[in-house]
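K.L.:
Protein chains in written order, with this note's numbering: chain A, 18 to 888; chain B, 69 to 336.
Just so you know, the hints here were simulated from the structure itself, not pulled from any lab data. Given the structure is predicted, the values throughout are model-derived calculations rather than measurements. Hints are supplied without guarantee of correctness; some may be wrong.
To be verified - Okay, derived cross-link-like pairs now, SDA-like style, lysine to any residue, Cα gap no bigger than 20 Å in a straight line:
(1) Lys499/A - Phe192/B
(2) Lys169/B - Leu126/A
(3) Lys169/B - Glu655/A
(4) Lys499/A - Pro526/A
(5) Lys70/A - Val274/A
(6) Lys225/B - Ser235/B
(7) Lys169/B - Thr879/A
(8) Lys70/A - Ala141/A
(9) Lys70/A - Leu373/A
(10) Lys339/A - Leu126/A
(11) Lys225/B - Ala205/B
(12) Lys339/A - Lys70/A
Stated by the list, open to error - Computed Cβ-Cβ distance ranges for the label pairs, DEER-style:
(13) Leu449/A - Trp213/B: 24 to 34 Å
(14) Ala270/B - Arg20/A: 26 to 36 Å
(15) Gln155/B - Pro423/A: 47 to 57 Å
(16) Gly459/A - Arg230/B: 50 to 60 Å
(17) Arg277/B - Leu448/A: 51 to 61 Å
(18) Ser134/B - Arg874/A: 50 to 60 Å
(19) Gly859/A - Thr104/B: 33 to 43 Å
To be verified - For the chain B half of the interface with chain A, some residues (derived, Cβ under 8 Å), not all of them:
(20) Gly215
(21) Asp219
(22) Leu223
(23) Lys310
Cβ atoms here follow ideal geometry from the backbone N, Cα and C, with glycine treated the same way.
Next come the chains, spelled out residue by residue.
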Amino acid sequence: MIRLTLSQMRRSAGRLAAAGVAIVIGTAFVAITLIAGNVITSTTYDSIAAQFKGADLVVADAPAGEATVDAVRGTDGVASADPMTMSYQQLEHGGRTIYQGVLAKPTNLDVLPLEIVDGALPDASGEIALPVDVAERLDVAPGDETDLVRGAFEEGTDGTEPTWTEVREQVVVSGTLDDPYGAYAMLGGAAVAPAADVADWEADMVAPGEETSAMPATVLATLDDGADLEQVRTAVEDAVTTTAQAEEADASMLEVVTPDEHAERVAAETTGGENVVFVTFVLVFAAIALLVAALVIANTFQVLVAQRTRTLALLRCVGADKSQLRRSVLVEASIVGLLSSVVGLVLGSGLAQAALAVGRNMDLGVPLPSAIEVTPVVVIAPLVAGTLVTLVAALSPARAATRVAPLAALRPAESPTAARGAGRVRLVLSLLVTVVGLALLGAGVALSVVAEEPTTGLLVALAGGAFSFVGILVGAVFWLPKVVALAGRVVGGSGPTARLAAANTLRNPRRTAATSTALLIGVTLVAMMSTAAASARVTMDSELDARYPVDVVVATDLDSGPAGAPPVTDGLAGTVAGLDGVATVVEVPVTSGDVSVPGGDDATLPVRAVAPADADAVLRSTEMVEPLAAGTVVVPEELSEVYGITDGDALTITGADGTLEGTAAVTDLVDDGFLVVPDDLARLDAAAPTTQLWVGLDNPADAVAVVPSVQDAVADTESPAQVMGAAVERATFQQVIDTALAIVVGLLAVAVVIALIGVTNTLSLSVIERRRESATLRAIGLSRGQLRGMLAVEGLLIALVGAVLGVLLGLVYGWAGAASALGWAGEPVFVVPWADLAAMLGVAAVAGLVASVVPARAAVRTSPVEALAAE
Amino acid sequence: MDTTVFVPMPDDAPAGDDGHRPAVTPAVRARALTKTYGRGEAQVRALDGVDVDFATGRFTAIMGPSGSGKSTLMHLLAGLDSATSGQSFIGSTEVTGLNDKALTALRRDRVGFVFQQFNLLPMFTAAQNITLPVELAGGTADQQWFGTLVDTLGLSKRLEHRPSELSGGQQQRVAIARALIAQPDVVFADEPTGNLDSRSGAEVLSFLRRSVRELGRTIIMVTHDPAAAAYADRVVLIADGKIAGDITDPTPESALAGLDALRTVAAR
Ligand SMILES: Nc1ncnc2c1ncn2[C@@H]1O[C@H](COP(=O)(O)OP(=O)(O)O)[C@@H](O)[C@H]1O
Ligand SMILES: [Mg+2]
Numbered sequence: 018m019i020r021l022t023l024s025q026m027r028r029s030a031g032r033l034a035a036a037g038v039a040i041v042i043g044t045a046f047v048a049i050t051l052i053a054g055n056v057i058t059s060t061t062y063d064s065i066a067a068q069f070k071g072a073d074l075v076v077a078d079a080p081a082g083e084a085t086v087d088a089v090r091g092t093d094g095v096a097s098a099d100p101m102t103m104s105y106q107q108l109e110h111g112g113r114t115i116y117q118g119v120l121a122k123p124t125n126l127d128v129l130p131l132e133i134v135d136g137a138l139p140d141a142s143g144e145i146a147l148p149v150d151v152a153e154r155l156d157v158a159p160g161d162e163t164d165l166v167r168g169a170f171e172e173g174t175d176g177t178e179p180t181w182t183e184v185r186e187q188v189v190v191s192g193t194l195d196d197p198y199g200a201y202a203m204l205g206g207a208a209v210a211p212a213a214d215v216a217d218w219e220a221d222m223v224a225p226g227e228e229t230s231a232m233p234a235t236v237l238a239t240l241d242d243g244a245d246l247e248q249v250r251t252a253v254e255d256a257v258t259t260t261a262q263a264e265e266a267d268a269s270m271l272e273v274v275t276p277d278e279h280a281e282r283v284a285a286e287t288t289g290g291e292n293v294v295f296v297t298f299v300l301v302f303a304a305i306a307l308l309v310a311a312l313v314i315a316n317t318f319q320v321l322v323a324q325r326t327r328t329l330a331l332l333r334c335v336g337a338d339k340s341q342l343r344r345s346v347l348v349e350a351s352i353v354g355l356l357s358s359v360v361g362l363v364l365g366s367g368l369a370q371a372a373l374a375v376g377r378n379m380d381l382g383v384p385l386p387s388a389i390e391v392t393p394v395v396v397i398a399p400l401v402a403g404t405l406v407t408l409v410a411a412l413s414p415a416r417a418a419t420r421v422a423p424l425a426a427l428r429p430a431e432s433p434t435a436a437r438g439a440g441r442v443r444l445v446l447s448l449l450v451t452v453v454g455l456a457l458l459g460a461g462v463a464l465s466v467v468a469e470e471p472t473t474g475l476l477v478a479l480a481g482g483a484f485s486f487v488g489i490l491v492g493a494v495f496w497l498p499k500v501v502a503l504a505g506r507v508v509g510g511s512g513p514t515a516r517l518a519a520a521n522t523l524r525n526p527r528r529t530a531a532t533s534t535a536l537l538i539g540v541t542l543v544a545m546m547s548t549a550a551a552s553a554r555v556t557m558d559s560e561l562d563a564r565y566p567v568d569v570v571v572a573t574d575l576d577s578g579p580a581g582a583p584p585v586t587d588g589l590a591g592t593v594a595g596l597d598g599v600a601t602v603v604e605v606p607v608t609s610g611d612v613s614v615p616g617g618d619d620a621t622l623p624v625r626a627v628a629p630a631d632a633d634a635v636l637r638s639t640e641m642v643e644p645l646a647a648g649t650v651v652v653p654e655e656l657s658e659v660y661g662i663t664d665g666d667a668l669t670i671t672g673a674d675g676t677l678e679g680t681a682a683v684t685d686l687v688d689d690g691f692l693v694v695p696d697d698l699a700r701l702d703a704a705a706p707t708t709q710l711w712v713g714l715d716n717p718a719d720a721v722a723v724v725p726s727v728q729d730a731v732a733d734t735e736s737p738a739q740v741m742g743a744a745v746e747r748a749t750f751q752q753v754i755d756t757a758l759a760i761v762v763g764l765l766a767v768a769v770v771i772a773l774i775g776v777t778n779t780l781s782l783s784v785i786e787r788r789r790e791s792a793t794l795r796a797i798g799l800s801r802g803q804l805r806g807m808l809a810v811e812g813l814l815i816a817l818v819g820a821v822l823g824v825l826l827g828l829v830y831g832w833a834g835a836a837s838a839l840g841w842a843g844e845p846v847f848v849v850p851w852a853d854l855a856a857m858l859g860v861a862a863v864a865g866l867v868a869s870v871v872p873a874r875a876a877v878r879t880s881p882v883e884a885l886a887a888e
Numbered sequence: 069m070d071t072t073v074f075v076p077m078p079d080d081a082p083a084g085d086d087g088h089r090p091a092v093t094p095a096v097r098a099r100a101l102t103k104t105y106g107r108g109e110a111q112v113r114a115l116d117g118v119d120v121d122f123a124t125g126r127f128t129a130i131m132g133p134s135g136s137g138k139s140t141l142m143h144l145l146a147g148l149d150s151a152t153s154g155q156s157f158i159g160s161t162e163v164t165g166l167n168d169k170a171l172t173a174l175r176r177d178r179v180g181f182v183f184q185q186f187n188l189l190p191m192f193t194a195a196q197n198i199t200l201p202v203e204l205a206g207g208t209a210d211q212q213w214f215g216t217l218v219d220t221l222g223l224s225k226r227l228e229h230r231p232s233e234l235s236g237g238q239q240q241r242v243a244i245a246r247a248l249i250a251q252p253d254v255v256f257a258d259e260p261t262g263n264l265d266s267r268s269g270a271e272v273l274s275f276l277r278r279s280v281r282e283l284g285r286t287i288i289m290v291t292h293d294p295a296a297a298a299y300a301d302r303v304v305l306i307a308d309g310k311i312a313g314d315i316t317d318p319t320p321e322s323a324l325a326g327l328d329a330l331r332t333v334a335a336r
């Protein structure tokens, strides 16, 4: 029997190979994912090991404080002991701000894994060595000064509470650093400052009276020459524990380990954390790809069995029993699955290795391993997954093989007819699951939007979505052919070629349904993500519009308040307005006004002025300044709450030159003062200085490029103005959504590619099956072009039906998802990402056409003589 | 063997019509038509310099033993396959000189085919199968001609049936209607009764003959069955890729005798 199986496989080698490609891609996906997980682990391990390079022992999770360090240092056999302290501080220079981790300079420089490139390590207080790239970004060289801005508790005078303030200090760059082992690459590099400075900064961040830094300490120790590691290890453990007891500190977590042991431990923790999340996340997509591959495989085997009906029947005639036939198909599937999986594994490993090589050349900052690590899991998981998926996919075709009656051998050969209709049980089950799923989906959306329970709502909606989708897919065999028939009737009107094509797609509804379904899965998911992202973006946009109504604000009054703020340099407004990407610049004058609220407290608040037309032009959300008019004082909601102002209150504002009587209009404006029209402001203060420029950009998405040019323009005038680019935040946010979407779509694209292979495969199989029929058509006058056209229309029909349905389903799921995820954030907005959807349909259409090219070439080559030849 | 008119043909004279009917322009002609398959040792001369004329409005059978080159001759005459050398004509068109596009148009507009395996499209009804060639040409079937064909072939009650719902004889009648719908200059039939029982076969053959007698069509039929050949007006005998004889107004007996004579010639 195995000989027969093998000889049959040889005859169908081409078909099996095409189907195998689906499995190859799926298993390569799995392999790459697992390998990437390993790379993350080993990169983590390497960088942690590098951090402790040079140390002989790492005292980890020790009680914080000098006492611990002293205890280690005092132990016999210890040559040096340095706490590894990293303090995060903000560095500013030339309008640029960098948030940077700063290491305390150790007494023993051997335990510092960084190397000086230029200049020297910091010696005196107030010096700092910066990573090369940080120095470049700040545009400083050794000897230059840079601002270090840090938070500190300021001792309250005469018993008042200590206050949290910002301290701005000048530090001198002593040198630049390289991180040759990538020890801090994953942490964005590390600067080095004198240990005493770092200790001071850390101490300042602790509120007076509170315990000093509660973070457990890590101490790096080196040993004297000839000291025994194990002896010293025990001695250090004892010394630290004893000291901790004396200080009444907790040393229960204490570990004294070698750097390698430490790295292993930390890497293992990471492996159980981020790594698993990453691998699981990506494996979900690999699973989707494999599911689609399974559909392609099932389809192929279905067709192969149909084509072999005669052979199978003959075998039954000569005495093969059903289980032998079933086994033959399953053995064939196992062989295909295993071979494809091996190829997929090799391909995946090769791609991963290539990616690694490219990554290392690109100098990503993270030291990547030079070779991928092939663990047993990396090998076994893809092989098992690929083989199993193929085998499971072949189960139903194998059953079909057993149903071939021995009599079939005696009937004249005819092209295989449709498999018998799917069962009633399947119909009921799929309907049930779909209905329950849709109900859950609706309930989830309602929970989120109406009951404002976003977490539960999202989970319920997710479960409902998954359920209903499974139901729809399982039921596809019932309804999809009807859709294809309908589409076929539509295109069939356009001529005999199209009508032939439409009729062909309906000859085997099950096969067409399976092929379209494979594509439907990928397209639905891609359309869903794209719709959800677009809806989320619009929902969040209105939220962001309200929070950041002005794209960019250039202000001199942010720190000091309007009172003594210098006006914005003359001409700056014009300069900024002339910049590329800037649409509008509005000069906003300000004065301090004493406000009296009827029945409320009096207060001194900034009062700014902007003309309604200007406000409309520059603000992203004009709703908040809608009431702005002469005699109206726009009051930000926050201030209204603080000062007890309600909408319609009569306010009296007194300024340097006069008094303004106005009606309060509370809006959700976000500002630190009131807003009036320029004439009203002039009544308060005829010489109110312009301390802010409100800048509107052509396209807020360009903020990342435009805002720095505004910063440069401001820096050039040497005015003390600060630039606040809310638009940058908005652009960053959008970029996050876009990037996430791109990644997810990229991962889903694998499934779509496999499905498209499925379309080609189905068409090829049909062409083989219809060899004689094609020849007949050619003999009775079908031109080569018409034959090609017929197959192209078939490919288009199969692909477009899957894609159109997928897009529609994706819209529904995407909206439901966006509504349940963001329902709390306001009215859910339903957006149709026309461009994305059109692109998807375009890709499907082109792919459908391309899928027909190879089969069409084979069909066209068939000489019409074959139609007449007896079999 | 009183009706045997087996005459070995002189090499230079084309097998033509004998004189007892008014001479008509040949519908199909072959001149020195040769076809070889394969190369070197394995080379087969399927047709070897065939000269033959087929008269318009006649039902001609090409008969010969299996492997004699009947099908090959028909394929070349119909433009389904390319000749190694020589010429063939349909009317005044030289088929051997046409490219694929012109051949397709020729087959569509001027030639009809009836196949041994019927070769109907399973997803179309009988009516759709019949009108397909006209539609492929971008036209619509002439309703009157369609009605005539369907009546003559006795298919009026079967028009909405799919091939799987028809008997072999009915399928072959649908195929004949399909071959005739475009009113082609000539219809080629390759063993049209090969897959039919003798009763359906006889039925199909009389339909072919009626198409010639009553509808004025030209039919060239390939067969190895003397009984089938007897339905024709004339039998062209072929052996070893060469025209080997000609029988006018054949009977089953004269056709069989011609075939036997070929075997004797071959045995010589
Ligand atoms: N495609 C082909 N390749 C090689 N030889 C062929 C091919 N077609 C036919 N032949 C050979 O040409 C000869 C004539 O074949 P054919 O015309 O089919 O005979 P008939 O129809 O009279 O039985 C035979 O010897 C056959 O083997
Ligand atoms: Mg033949």
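K.L.:
Does each hint fit the structure? Answer for all of them.
P.N.:
Evaluation of the provided hints:
1. Using a Cα cut-off of 20 Å, the hinted pair lysine 499/A and phenylalanine 192/B holds, with the two alpha carbons roughly 18 Å apart.
2. For a cut-off of 20 Å, the pair hint linking lysine 169/B to leucine 126/A is broken: about 85 Å separates their Cα positions.
3. A threshold of 20 Å between alpha carbons decides the hint, and for lysine 169/B with glutamate 655/A the separation of about 80 Å lies outside it, so the pair is violated.
4. Taking the CA atoms of lysine 499/A and proline 526/A, the gap is about 9 Å. The hint holds against a cut of 20 Å.
5. With a C-alpha separation of about 13 Å, the suggested pair lysine 70/A and valine 274/A falls inside the 20 Å cut-off, and the hint holds.
6. For the hint linking lysine 225/B to serine 235/B, the alpha-carbon distance of about 13 Å falls within 20 Å, and the restraint holds.
7. Annotation: proposed proximity of lysine 169/B to threonine 879/A holds, straight-line Cα distance about 15 Å (limit 20 Å).
8. About 25 Å separates the Cα atoms of lysine 70/A and alanine 141/A, which puts this hinted pair outside 20 Å; it is violated.
9. Simply put, lysine 70/A and leucine 373/A have alpha-carbon atoms about 24 Å apart, too far for the 20 Å limit, and the pair is violated.
10. Between lysine 339/A and leucine 126/A the alpha-carbon distance is near 77 Å, which puts this suggested pair outside the 20 Å criterion.
11. With a CA separation close to 27 Å, the supplied pair lysine 225/B and alanine 205/B exceeds the 20 Å bound.
12. With a C-alpha separation of about 67 Å, the suggested pair lysine 339/A and lysine 70/A falls outside the 20 Å cut-off, and the hint is violated.
13. The hinted range of 24 to 34 Å is not satisfied by leucine 449/A and tryptophan 213/B, whose Cβ atoms lie roughly 55 Å apart.
14. Take alanine 270/B and arginine 20/A: their Cβ atoms lie about 47 Å apart, and the range 26 to 36 Å is violated.
15. One distance hint, 47 to 57 Å for the beta-carbon pair glutamine 155/B and proline 423/A, holds here, with the actual separation near 51 Å.
16. Between glycine 459/A and arginine 230/B the Cβ separation comes to about 44 Å, which falls outside the hinted range of 50 to 60 Å.
17. For the pair arginine 277/B and leucine 448/A, the beta carbons lie near 59 Å from each other, so the given range of 51 to 61 Å is met.
18. Take serine 134/B and arginine 874/A: their Cβ atoms lie about 34 Å apart, and the range 50 to 60 Å is violated.
19. Taking 33 to 43 Å as the suggested C-beta distance range, the pair glycine 859/A and threonine 104/B does not conform, at roughly 50 Å.
20. Given hint, glycine 215/B at the interface with chain A, is violated; its Cβ is 21 Å from that chain's nearest Cβ, farther than 8 Å.
21. Hint status for aspartate 219/B relative to chain A: violated, with the closest Cβ pair at about 22 Å, above 8 Å.
22. At about 18 Å, the closest approach between the beta carbon of leucine 223/B and any beta carbon in chain A exceeds 8 Å, and the interface hint on this residue is violated.
23. The interface hint given for lysine 310/B is violated, since its Cβ lies 21 Å from the closest Cβ of chain A, which is over the 8 Å cut-off.
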